[in-house]
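Could you fit the two chains together into a complex? Lean on the hints.
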Amino acid sequence: MTTMLLRRLVQAVIVLFIVTVIVFLIMHLIPGDPAQIMLGSTATQEQIDALRHQMGLDKPLVVQYFLWLGNVLHGNLGTSIFYNQPVTQLLAVRLPITLQLGLYSLVVSLILGIPAGIIAAVKRGTFIDSIVIFLSNAGVAIPVFWLAILGVYVFSLKLGWLPVQGWVSPFENFGEGVRYLVMPVLVLATLPLSSFARQTRSSMLEVIRQDYIRTARAKGLKENVVILRHALRNALIPVITLLGISLAGIIGGAVLVEQVFNIPGMGRLLVQAILGKDYILVQGSVLIIGAIVVLINLATDIAYTYVDPRIKG
Amino acid sequence: MPKQSKQARKWVYGGASVALSLAVLGGCASAPSGNTQANTGSAKTVAPQRGGTLRMIMEDHTDNIGFPALSPQLDYYYSSPALETLGRYNAKGIMEPFLAKGWKVDPKAKTITFYLRKGVKFQDGTDFDAEALKWNIQQFQNAHRPEVDGIKSMQVVDKYTLKLNLVKFDNQLLESICWFVQIISPTAVKKHGIDWAKTHPVGTGPFTFVAWNPDVSIIYKRNPNYWQKGKPYLDEIDLDLIYDANTAYNTFISGGADVLTRASTANTKQLEASGQYKFNTTRKIAFGAAGYGFMFPSANPKDPLSNLKVREAVEYAINKNAIIKSVLHGYGEATNQWYTPRSPFYNPAVKGFPYNPAKAKQLLKEAGYPNGFQTQIWTDAADQDMVTAVQNYLAQVGIKVKINVVDIAKLIAITSSSAPKWTGMTVYIWPTFPNAPVLIDRNFSPHAAYFAQNILHPPILQQLIAKARSAPDHQTEVKYVQQIQKVLFQDYALVLPMYITAGDVFMKKNVQNLGMFTTNGFDWNPESVWLSK
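Chains A and B are the protein sequences, given in the same order.
At position 209 of the first sequence the residue is numbered 209 (the numbering used here), and the sequence of numbers has no breaks.
In the numbering used here, each residue carries its 1-based index in the second sequence increased by 313.
Excised from the complex, chain B in its bound form (with noise of 0.2 Å):
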């Protein structure tokens, strides 16, 4: 796929913040499926060797790795070797306890009780307890984060317990506290500041912070005093920033790092067909790629394409698996939902509008518009390939497009709920991560900041997304956002599903547990990789 900008990413991802700086860790390149030869347990039969320090190649451009609750772009993998989280994803998308040895969710009591493990010390010498954890979560709350609305009151039980009364049950609160607040001392940023914070992350992982050159490099060294024992194996973990691909790229094949965790393309076949390096990569997991599609101004009622039909006529009018090969040079998956079939929230269900320009044709004359019509599609340079052959479809059928190719400014600018209703469609891109619920809820709620002023906002939908939230437990949550899909792109059709793409991490053959894209497209265990000699 074309390289997509990172701004772009920023704008359209429905999901969190950090969901939204990972997604474009994995969101730079993919590649058909059937033809990769991911590292996913290679080092399983051999005991781990220590020392060494991994040199990784990120992306560069980041603000806050040490202050989690004030950085709205806070991106995860900066400051994952010193800082963890209470809960981490596992490769079906449910959450499991790490920091916490385990939670108990009372959907009726509307509680949820963190039970913490205890002997857990920050890098400052100070304990990880119920009081370090309670004041975490105040300073999200503090900052008016989304993530922990909806918290009543905290309660320390004893030190290593802390129960949070909510003001009503809201499963993806445990996921959000689990996922976001990346625990930090307490202690250090009473001491420092948080401005000092925000440069030096002090947490409970398995690397301490060294120095952070801003966009040169962020240096981590072992934690001697890690509470898993005997680990991390790396002495060092050296996060070179390069904003550039090609640069990183041409970084990493000279030598100059072990891991590239971001590849255009043309590079990522390149890598690929070298048979040199070792990859992980989305393709084969469920969580963690990203989608891309087109957003219909379904409630502009002087814009054709707020009439269903005409909507079903533009999805029959395009042949994704075409634009993939001739555009994506095959890298990207058709997609008519939300998620891959690989997630437990695909709805096999949901059927969508395979290619069939007659049928389009026959929906336009139904809707009264048997000539077509004309229309735009509003996009940035990324994506404008994508976008031209999706023009010459339509054309097919009558319909004929004005392509606007704007910068990512201008199309916060059109999307913003603020903002006067566009006509069109405008590119729309949106992360497939675990926490479907509010991934969804953010863009397709009344209230939410981005197109929420044209796009119909169905009562069904609501109902659904809001049953979705409140569901006791992980199978009920599955249904509820099954059917959320089905509505979403089969009834309603207010979003254009074009395909979903994958993030791909390539290193070196002597890295080995590096656990990025291997349970989802934005984990990684920093404590458990290792370099053989």
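Chain A on its own, in the form it takes in the complex (with noise of 0.2 Å):
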């Protein structure tokens, strides 16, 4: 178990590392100059040059990424060129929204997806089988962005019941916030949630197929006890993998919805940032969403031990 979880930690270093370096290459190699963008048509070239050295990017590429891997180590990552704030500062204010969100929707999925897919496969081949195939084969296929519009189509503007875009915090208005909140979360859920119901149909169906729960059932344990107990444990074993593929997914997605429903989160403030070739922010938020990803990929792997005893040692 601790050797497992040491090789994890070295493969996340190695992956974080990687990640840097590329974003760092991107940024730095796509044409553009940042001291050009920031300082506007209005700017002379005398400074645009003393822009450019007062930012560092007169010097080489591989001594300007070790000068901001160094202050990453000591927790600096840098000013953001357009807010011209500390990127940890402005990632303090955005990251809390995104997580929210994030959290939230893979709640809703979890709440509303493993249920689905359980009824589903013990409720093979009926009417509600089917609804639940259909809709998360749906589910699965609507892009992101085309559900959001068509959400606030019919909820906003026909219905009137959900505001258009915006964000209240529910920590600050408990009913305002979730008002505001609905829409964005189940666009993000939904494919988690479609996700969730197809993987936990699948692996249902192929574990309650198995000796074990045959023998379960012929010991007269409830069909609930069965099904709860007995199968479940084991059928959630390649769930709790998609639930770290969806985690990930989830926080990309949220880079969609909040731009499309106006939340300041950090996906929104990650797009400013590349629209704006902010690219000091650009590097601090890929490293976050990247060590975000990497740690929850690391906690699905320590799951898994729990849920299957097999992969210990």
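Don't read these hints as lab results, they were simulated from the structure.
One thing to keep in mind: the hints can contain errors.
With the Cβ distance kept under 8 Å, some of the chain A side facing chain B (calculated, not the full set) [what the hints assert, rightly or not]:
{"#": "1", "residue": "L16"}
{"#": "2", "residue": "N84"}
{"#": "3", "residue": "Q165"}
{"#": "4", "residue": "S169"}
{"#": "5", "residue": "P170"}
Glycine is no exception: its CB is placed at the ideal position from the N, C-alpha and C atoms.
As structure tokens, then:
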């Protein structure tokens, strides 16, 4: 167990390092000079050169990278070119919003997706099964942005039930916060929810054909106990794999959802940073997103060991 | 017109930074003239009513709303409720006193003297006086802002009089100071620091700053001590910051806001057609729209487009009106120069090169390209449809065009004056604001940061720009700018002007005296807005 964890940690650090190199290179090799963009068309060449020097852009790329990496290791992600604020400060405000959005979406997708998959498996071949299959297939196929637009059209413009866009923290105003959260959370949850339902159904169908399930039933256990205690635990192993992937997907999906619903989270910040070629902010944001995804994968690996003891050691 | 990217505008606009941001706001959509129902004057007969909150949808992405000197992309509208300027442009493009009571410009003595309005206080209770104005201009000087270049010294004559001694007379300096230098409280900045000031505008304006939630909203409340007695009429102004144009539109039509300051072409058409909203438009005024066209590589001897006859042939080959009709759905105004016919700077003597493919072929033959040639056009995705139409027209006279769709960063890299000379044409966007000499100078000076390495700099053009900047009065300035346009667009054909777009601001019918796009495309008078019950 300890060896496995250490191995995973080392892998995580290597992955993060590679992520930093790739992001750094991409942001520096694509055309465009941040100093020129910042100063706009009113600037003289002298002003542009001075700003390039001030930002260290006149140094060799390798030097720039290691200077940045050194600062990162000291907890300094730099100062955003556009916002002129420390990146850590910006992320401290934006990240919790994205994490909230992601967490709520994950909870919704788990609460609805796994039971839907179980019911579909247990009721295999019935109308309910068909409905779950249809909806989950549709949920996987429909693009997030289209769903968001459809949701706004129906629930905001036609029915007037929900706001078109915006963000109110549920910790500040619970009622309003929930109103603003409903649509983005449901939109963001649709894909993982559908995936969970499909995967749970598929795994359950496989597990409930196993001998030990037949044995459990033969022992006279109630069907609920057979399904929830004996079948579900084993059926959940592939779902946990999916959980890790879905969490990373939710973080990625949040970028789109935050744009459409005008939510001031990290995804929107990242898009703005890319558009403005605020490479310091892009680097910091991607590093944090990368770290989150790596941590999620690590957590998934650890979760495996609890669900499936064969992996331990 | 296709929705243009904000970054694109920031890149190509020759105007100064405030103009850039505002042009973005004003450049999102336009429509054919003759189909408008602007609300100008509709509220003049009704007494303003007090109270209410005005919710306005603004474009997202601003970083500094309270320290103008350090904001190359300062977004004027974001800070206008709290910060004011010495002057405001009128509908004819002439600067008129506002926070200043008046000024005296002496070209011979090379001085500008500002006489300030008495009794004006900053929102922190301190006086707006000559020392405060001097400090504000100094902040721009410290930031090396080109808008205040050429000031040798400043002298506080008395509490309300400030005299500027100039290195040389430049008539654009008065306008630049009056327009760009949004006045902020020196006391507040000295007390809290510049970083604080960037997010806390403290000025003399009709509204005091309450809160800025970046990328969400900026909130202002009524300033009870405003210097214009009885104003403002509103209790509060909420600026909702929405980046996505469709989200902004949906929010507006769902009743989530009173004013929509940006809309795509399609949304503009829908809003107009619905008849449910009022709108103000730059289509009816002289200034504030954006011009679209192409910059020729006129100084690149390896490029056929360095030949004047070839440039003229390209112009003759393109049917601008047809492109406007088909690609822009009629939302544009074909042009042969920088300004619209509504502007005093418009020069009727510039005839341009009306669509004439036969003439284009003849000119190509005379230039030594009887079978045409191959070239390329650099554009961003926003203008791709227009460029494709141009490609088709040029093909008809034998000019084969390869379209290079690149992101804005690449366009900046290509046209930067420190970059190698580019070949082919690049999409070029310019603002039609009143400070013409400065705008033109910034793109066509040999020392400009963009384009300079690859375009001709005819001495006559530089002389006329210098004369326009040193003209002793507006009339003389207008005369020189008209001549500049002839040299630029007709005699040397350095730029291919395609069309001029406009900006529209939509509002609910109870919004009165909004003041946007009624005199020009960038001013706003928040103190005069009111909501009818």
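So, going through the hints one by one against the coordinates:
{"no.": "1", "hint": "L16", "result": "violated (27 Å)"}
{"no.": "2", "hint": "N84", "result": "holds (6 Å)"}
{"no.": "3", "hint": "Q165", "result": "holds (5 Å)"}
{"no.": "4", "hint": "S169", "result": "violated (11 Å)"}
{"no.": "5", "hint": "P170", "result": "violated (15 Å)"}
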